[in-house]
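Q: Sequence:
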Amino acid sequence: MELKFCVPEESERRFLYTVDEQQIADACVGYLRMDFDSSGNGFHHTWFGQNDTLNDRRFIKEFDEVIDTLRHDLLSGRSGMEKYNHAHEGLEIVNWGIHGKGYRVETEQNVYYLRCMPQRGDYDCYCYCYDRAMLEQALAAEQEMEESQDMGGLSQ
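The sequence shown: position 137 = 136 (numbering that gives the first Met the number 0), numbered continuously.
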């Protein structure tokens, strides 16, 4: 499986968090919350499903492969994440004074947005998983709606 690593655009920042817009929320398979425990080397995680129809065997197999691949560097532990964040470009994030980065990882079928905030005593990472085709369709519909609203404002 080939993974494509990207720096999310500013407009994609919202995908690093739970999204309320219905069409986009429908494209979200779910998200994984991760913590490296007090030692910084553990890997505790909880899955929060969003769209059970997308959470099929194909997705589960791919998701396991993506996380296993990321465990070699970005998700190797808190210090590994800190080193990765320092060495790689990402979307800068600051939450409550904690600095981190956001990344986008693409496969043929899905898009994964990772919010990486290595901080002892808090969750270190969230990975939001989207069905690629459904997300692209939702974003195209969103773009069409914005354009039609812009056109409506010009004709008045």
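No lab work stands behind these hints: they were computed from the structure.
Note that beta-carbon positions come from the ideal geometry of N, C-alpha and C, so glycine has one too.
There's no promise every hint is true.
In silico DSBU-like pairs for lysine-lysine, Cα to Cα no more than 30 Å straight-line [claimed, not checked]: (1) 3 - 60; (2) 60 - 82; (3) 3 - 82.
What follows is a list of derived Cβ distance ranges for each label pair [unchecked claim]: (4) 44 - 96: 43 to 51 Å; (5) 142 - 87: 47 to 55 Å; (6) 86 - 142: 39 to 47 Å; (7) 51 - 85: 21 to 29 Å.
Q: Identify every previously stated hint that the structure contradicts and give their numbers, smallest first.
A: Violated hints: 4, 5, 6 and 7; rest satisfied.
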